Structures are given as structure tokens and as C-alpha cells.
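Heads up: the sequence lines are chains A and C, in that order. Quick note: the first sequence, position 125, residue 125 per this note's numbering, numbers continuous. Quick note: the second sequence, position 389, residue 389 per this note's numbering, numbers continuous.
Quick caveat, the hints were computed from the structure, so don't treat them as lab data. Remember, it's a predicted structure, so these values are computed and weren't measured experimentally. Where is the CB? At the ideal position from N, CA and C, for every residue including glycine. A portion of the hints provided could be inaccurate.
Result set (DSSO-like, lysine-lysine): computed pairs, CA atoms no more than 27 angstroms apart in a straight line [unchecked claim]:
| # | chain 1 | residue 1 | chain 2 | residue 2 |
| --- | --- | --- | --- | --- |
| 1 | A | LYS9 | C | LYS9 |
| 2 | C | LYS223 | A | LYS55 |
| 3 | A | LYS9 | C | LYS55 |
| 4 | C | LYS102 | A | LYS102 |
| 5 | C | LYS133 | A | LYS55 |
| 6 | C | LYS55 | A | LYS102 |
Interface residues of chain A toward chain C, partial, derived using beta-carbon atoms under 10 angstroms [what the hints assert, rightly or not]:
| # | residue |
| --- | --- |
| 7 | THR16 |
| 8 | LEU18 |
| 9 | GLU106 |
| 10 | THR107 |
| 11 | SER217 |
| 12 | MET218 |
| 13 | GLY219 |
Covered stretches of chain C, going by a simulated chain A footprint (3 or more residues, C-beta under 8 angstroms) [as the list claims (entries may be wrong)]:
| # | region |
| --- | --- |
| 14 | 8 to 19 |
| 15 | 208 to 218 |
| 16 | 236 to 250 |
| 17 | 410 to 422 |
Protein chains: 2
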Amino acid sequence: MSEAYEEFKRRSSQITQLRSILQSLSWDQETMMPEMGAGHRALQMSTLAVIHHQKLTDPVYGELIARLEESAGTLDLWGRASVREARRQYDKATRLPESLVKELAETSALSYEAWVKARGESDFPAFAPWLSKMVKLKRSEAECLQAADTTLYEALLDDYEPGAKVSKLDGLFAEIRPALASLLERITSASRQPRPLPAGPFPVQGQETLGREILSSMGFNWKAGRLDTSPHPFCTSFSPLDVRITTRYSSTEIGKSIFGMIHEGGHALYEQGLDPEAYGLPACDAISLGIHESQSRLWENQVARSRSFWEYWFPRLRRTFAPHFDDFKLDDFVFAVNKVAASPIRVEADEVTYGLHVILRYELEKALISSELEASDLDTVWNERMQEYLRYRPANAAEGVLQDTHWSQGLVGYFPTYLLGNLYAAQLFEQARRSFPDLDAKISSGALLPLREWLREKLHVHGKTLTADELIERVTGQRLSATYFLDYLEAKFGALYFG
Amino acid sequence: MSEAYEEFKRRSSQITQLRSILQSLSWDQETMMPEMGAGHRALQMSTLAVIHHQKLTDPVYGELIARLEESAGTLDLWGRASVREARRQYDKATRLPESLVKELAETSALSYEAWVKARGESDFPAFAPWLSKMVKLKRSEAECLQAADTTLYEALLDDYEPGAKVSKLDGLFAEIRPALASLLERITSASRQPRPLPAGPFPVQGQETLGREILSSMGFNWKAGRLDTSPHPFCTSFSPLDVRITTRYSSTEIGKSIFGMIHEGGHALYEQGLDPEAYGLPACDAISLGIHESQSRLWENQVARSRSFWEYWFPRLRRTFAPHFDDFKLDDFVFAVNKVAASPIRVEADEVTYGLHVILRYELEKALISSELEASDLDTVWNERMQEYLRYRPANAAEGVLQDTHWSQGLVGYFPTYLLGNLYAAQLFEQARRSFPDLDAKISSGALLPLREWLREKLHVHGKTLTADELIERVTGQRLSATYFLDYLEAKFGALYFG
């Protein structure tokens, strides 16, 4: 038994290493690689992806998993969770016929290219046939992966939020949508509105220095991580001891880099908080995209868009970017970075409207997969629903249905995790507040480390030994609920706009 | 036939990609990786090294090579050279028993650690047992690799300078050693001596800007390469379209970074000059370490330590680092960067004494492998020979026998390629001069690109379709000779010290 487990660990670790090498190459591509390196980088990555897939689908690995499942009782917590996770990955990888995997990869690449071009020209009809093809392939994929008790959409969702159910998401989102719409309407017609933020110019050096100070105070470990720049900010991890984040600097919009660094920093603390001793085991990984997003959102929104946070950091920001904030008071600034308004672009949306953008995408992708909606009709439905949910009509397809890359690359089932992240974040942060009655005082004195320690102990170190549902219930004593998120928004924006 | 060749190319390309991924990970480790990432990076690399070895030693690959050898006449030049090179690599990889490979890897790691410690404490006896063990293992390795007509030492040398013969090196070095010793003696007693270079401080930014300008003028392609910093400067390549060099900056020694960047730039031009279309074939690679070193040395010494070069660049250097060179004339500067003096450390040696350092190491490592010399006696013999060749007695083992890392890591047969590089460089540069009668005028006007074009056309693009001997004979019309190198030194240093 122990011998089988040792061999399972050895093979799992090899699979983990190969995946982490792919991540290293991808990080380099986004941050360092000279432009002409792209062609050979693609070859390196496809060579390695094939080897990774071979190792993951090796029948010997499958037999080891089966043997260990029979005697799971003799394994410890990490072992049981790792066998469970390995089964999940093995089944996913082996259930898809090679021809489908190949067609998906090729179509994704072409469809992504078509999307880039179509977005540039704001031409949805040019992209629609690709989307239609991609949806068909994703439906085939879902049919291969589908378990007895899951829908096609759930089979895809499982890639990003393991075990999540449509009935649950439908229920949560049905509660959230009217509440957000109502809050947005009240805010839009409020007489009190924030001043616009100054437009700089903000020197990059100052943005980076301030960002690094904030990341340090959050407990980002620089000996086990780096910060670089890239066109699209991201966080990636090669192990809990090598976690890399990126940002981009705008000389006119100060929020872009600062909140971006904090957001990616939240992701990074999760990765740095995984148990380095367990690294290599399938269970030593983030639970889900939703839980991952909860960590970035909690730091970005609950912490860094709070008045408490800026009590400590606003004087520093003011000094760094003098004289731009000389006539800004702390409250002006906090109000300004929390401005709410209907706008077309999801990634630029505020905390209130963001959820509406996500719900719209969730509904549409479900309808595409279930064939209730034809790809060619998507732009019309998109615009109608934007009007209905946000009272906003996109000026063109580029700021409407073509704005996100996800569907072009076959990422169906990904969007809802963004909103789940907000719900998890609100519920977890409320629990942190209850655990530390002086949490706000700590934050306003610049002490962020206690919160990181709490998150690490309650969440990060456990990896996938718990499911998302189990984690939330264990940490907060309750199942996931929309109440915390909605209460948080009402309290915060009520105070800002009507307080 | 063509089908076998296609499969051979596919497998060869996969092997090349895996090796280039290892190089990517190694580059990241030296330049970017946070310190705590080292442990998992070692796991990534050993996982990948095992897979690379498996692919290289796959019997199916061996059979393909054998089939293609039988019908080599039907292949083109690249195909024939690639099959030849694949055979060489396959035999090397399959002839070593796995147990020996493992023991070599483990002993190298431990022996390197022991060397770091021993050098720190200048304690040769502490390192001698490790050296002894390593020499024994390298002898076993050589016995496995040895062909019918080669000596044990040649079997090791072949890793770095394929096909090189001891009789040839012995002949060249026997001519060079007394000539260098005599030139050194005359220079040491010359009444004219250079002024010392100013000691700065030289701002790093200025060093980097100037270095980048020089690299650009040499034709380094920034869209297919990068420059970064690392403790030990190096050049590495992930493909001809992604070549990375590093340097280090000293605020007091201006030559370190400038000549270092030019040296690594010379290596980089070779890598960037390989045919990107042929990349992935075993023959699309540098011919040998000696030829590689000729490219770095030619740019560093023949070009960048010449008066012509500084006619163009000295005014720029002077402006960049004002006022440090205000009272330096061009001739003062050129003399100063060509100062010759016996000194203990190889990597800091000038062009005249460098060869003596190399010959000493070559003789000693040959004697270790042939068992004429015991590892425990190495320090005594080292010091005697330093005295004899350089009239210099090392103050301690750290600046003597322990200064280089090579032997601790099992790199036996590597040293002579450094001196071969100087010989190749002198012979090639003399030929370039003959091809361009106005080469010096071009260099003094800042036009370095014609020289790069010549090197690319004559040398870089051919990869391993020629051996080192064939290349030198084809480009210069003669076999390798020590004459060009010795004539170059006599002319250059004669003019500086006695002209």
C-alpha cells in the first residue's frame, strides 16, 4: 500500500513539475520574452503540453489511483484528498478523445485570432461563425465529461468551480440581480456624487514604490516572489516558494496599478500560503477559481477600498504624488475610488455593477450550451439585456458582446466564478471581522499581517483538502449566502452616497 | 526514407525543445528567480532532465538514426550533418550506464559544495579527496565513451571540442607557451607602462546605456534577445530568435561591464546567426566551445581592445562618465585597457598571460586523467608551474588551484577550448582583414555591422554542417595555426609597449 502511495506521489509530483514549467514559460512569455521568440516558445510549450498530457493519462497512473481509492481509509487527509483530485484530473484527461482535444486546441487558436480581428473592427457577424463552432465543440466536450447527475453546463463549470451546481448559482444570482439593479438606480439618482480623481501625471517609480510597500505590509514574501510588468496583469505560481505577479502602470489613472497590485497580491498570498511540504500532491492547489478570486477581491475591495485602509495609506499616497492630491481630503479620495456608474466594460466596472456584467454572461453562456440561444443572435440579446440590467446600451460590439476573450478561447463556465469570488470574499471578511473585533483599527494603523495570518490559517494552508462549500461552512459556520455581499454593498455605498 | 527522416526531425525537434526549456529555467534561475524558489526549481529541472534523457536514448530514435545512416546519400547537407550529430549524442547518452550518470550527478553536486567551502577557507586538502573521486569517475566515463582511436582525455575533450586531438593541442601549445612567456618577460621589464584607469564611481545607468549602444552597433537583435544582470555573466539561447545575455556592473571598474557585454554579445551574435529555419535539427547548433569562444574573443579583443574601436567610442565613453576621463587621451585609454601583467586569476588575465593560465590547466588535467598526477599533489604542482610559466607564486589556494569551479563539477577537457577560441579568433580576424582591406577604417567609424555580416555568412549560418577544422580551413584557406595569434600579440603589444 505504502509503496503504491509512494509511486503515486512520485508521478503526481512529476505531473505538477511539468505543469509548473509550462507556467514558467508562460510567465516569461508575458513579461520577458523578446517578440521574435514567440514562435519557438509555442513549440516549447506544445512539446511540453503533450508530455504533461501523456504523464497524466498514463494507464499506470490510473491503476495507482484505482488501487489507492480501494484503500483510501489507510491514507491521511492529504492523501485522500490527493487521490480524489487525481481521479478528477485523470478522468477529465482520459475521457476526451484525442481528436476532440486537438480540434479544440486548433479551433481555440483560430477563433481567438478571429476574435482579435473582429473586436478591432467591432464586427460581431465576422466572429459569430467561430463562436458557433466553439460552442458546438464545447458541447461535445461537456458530453464526454458529463457525469450522471450533472447538466452539460455543469460539466464545463466544473473545470473552474469543481462541483458547483447551476441550481445553486441560479438561486444566488436571482437574489443578487434585482438587489444590484435597485442599488445602482438609487446611486445613479443620488444628489451626492464623487469628485473625479486627478489625472496625474503619476510617475511610474512612485506607483511601483507605493505598490511594493503595500504588498510588503500585506505580507507578500519577496524572497518567494516577484513583481513585474505585463500588458495584462496576472498572478502565477511555480510553487508556494516562487509566486509572481505583474501589473501595468498608467500615468493618468492612479487606481489601475495600485488596486491592480493589491488584487494580484491577494491571489499571490493564497499561492504563497499553500503548504510547501505538500507541494507536488494533487491536493496542494487552490480550491477553485471562485475561492482564488475571493482572495484577490477581499484585499482589493473589502480592505483596500475601505476608509480604514486609506487612513494609513492616503498620507503616503499624497506625499508620493504631490501636488496632485493636495486639495483632496481623505473622504474625497475614498469616495472617488468607490464611484459607481453603469458602464459597458466588465473589467472596469465598480463593485455594484460588476455582478450585473457577470450574471448577464452567465445567463447567455448557459443558453448557448443548452441551444436555447444561437451564437448568431448573441449580440442582439446581449444589448437587450445590458439595457435591462444596467440601463446601458453598448455603442458597438467592441464595447459589447466582443469585449471579453473568454468564449473565443473556449472558456465557458469561467465567468460565474468572478461573482462567486465576491460572495465568498464578503462572507469571509465578515467572519474575519467577527474574529477580530478590532480589525478596522488594525487596518487603519497599517497592520495588515493579522488578516493574512487568519486567511492563511483558515484557508490557504488547507489546499484542496476541503471543497469550496466545506471551507465556507467550516470558516463561517454557514453555507454560502448572498446576504453578506448585499449587506456589505448596502452599508458601504449607503454611507458613501446617502450617509 | 522520407518518412523516416520526417520522424527523425520530429523527435530531434522535441529533444531540442526540451533542452531549450532547461536553458530557459536555468536563465530564470540566474536572473529572475526569488531565492526561495531554488528548491522547486531543482525539482523542475531534474524532472525535465530525466525526460530529455529518455527521449534522447529512446531505442526508436537510435533505430531511426541507424536507418538514415544507411541511406545518408539521399539526404541534403543539413540532413547528413544532423544524422551524424544525432549519432554522436545518442552514443554518448546510451554508452554511459545509468548508475554512473547518477553517481556523476550526485558527486558533482557534493564536490561543488565542497569546493565552494574549501575555496572560502583556502583549504586545498579539504577539497583534494573530492577531486580525487571526481577524477576517478571521469576516468570511468571516458572509458565508456572512448572510441578505438582516442585517448581517455580525448573522450572527455570531445564533449566540448568534438574531434579534437591531444597531439594537435600539444603541438599548438608547445609553440605558444614559450612565445607568451617571452613576450610577458619583455613587457614586464619595459620602461613604458600604462596609467591605471580611473576608479569611478561609474553610474550603472551610463554603463548599461553605453553597452546597449555598442551591442546595437554590433548588430545584436533586440527583438530576438535581451540583456539582464547576473552574478556571473553568460549567454544562453532558447532558439536563434531568443538569445539572452547578462552582465554585472562594477562602480569602480569600468572594463568589467563594457568588455563583458561585448564578450557575451559576441557569443550572442553566433546564436542569433544560426538558421532559424533549421532550428530543431541536431546540426543547427554551435560547432564547438572553441568556435563559440572565438566569436566572443574576436569581438572583445580583436575589435573592442583595438585603437580603431575606441576612436569612435572613446568620446562617447568620456561624455558618459565625465569628468573621470577628462585628462585621459585616447592612447592612454587604449594602453590602459591592454595592460599586461602576471596575475593569479585566469578570468582577470590579459590577452598575453591568459594562454599560460589555460596551458597550465590543460597539462594538469591531462596528467590527472592519465594518472600521472595524484589529486592530492595538485596544489604543489600548480604552484610550481605558475612560478615557471608566469613567474608568479599564488599567495594561497584560493587564488591558486581552487580558483576555478570546472573540475569540482566534472568539467574536464573544457579549459583548452578557451585558448583554442583565441587562436580561432586571431586566424578568422586576419582573414576578415584580408577580405575587407578597410576593416579598421570601418571599425573606427563605428560601422561594426559589416564584420557581423561576414561572420554570419562565413560561419554562423552553417551550424554543425562543418567541423571546426573544416570551417577554419574553408574560411581562411589554412588549417588552424598558432602563428596568427602570436603575430597578433607581437604586433599589438609591441606597438603599445615598445612602439
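Hints versus structure:
no. : hint                   : verdict
1   : A:LYS9 with C:LYS9     : violated, 34 angstroms
2   : C:LYS223 with A:LYS55  : violated, 35 angstroms
3   : A:LYS9 with C:LYS55    : holds, 23 angstroms
4   : C:LYS102 with A:LYS102 : violated, 37 angstroms
5   : C:LYS133 with A:LYS55  : violated, 37 angstroms
6   : C:LYS55 with A:LYS102  : holds, 23 angstroms
7   : THR16                  : holds, 9 angstroms
8   : LEU18                  : holds, 7 angstroms
9   : GLU106                 : violated, 18 angstroms
10  : THR107                 : violated, 23 angstroms
11  : SER217                 : violated, 18 angstroms
12  : MET218                 : violated, 16 angstroms
13  : GLY219                 : violated, 14 angstroms
14  : 8 to 19                : holds (count 4)
15  : 208 to 218             : violated (count 0)
16  : 236 to 250             : holds (count 4)
17  : 410 to 422             : violated (count 0)
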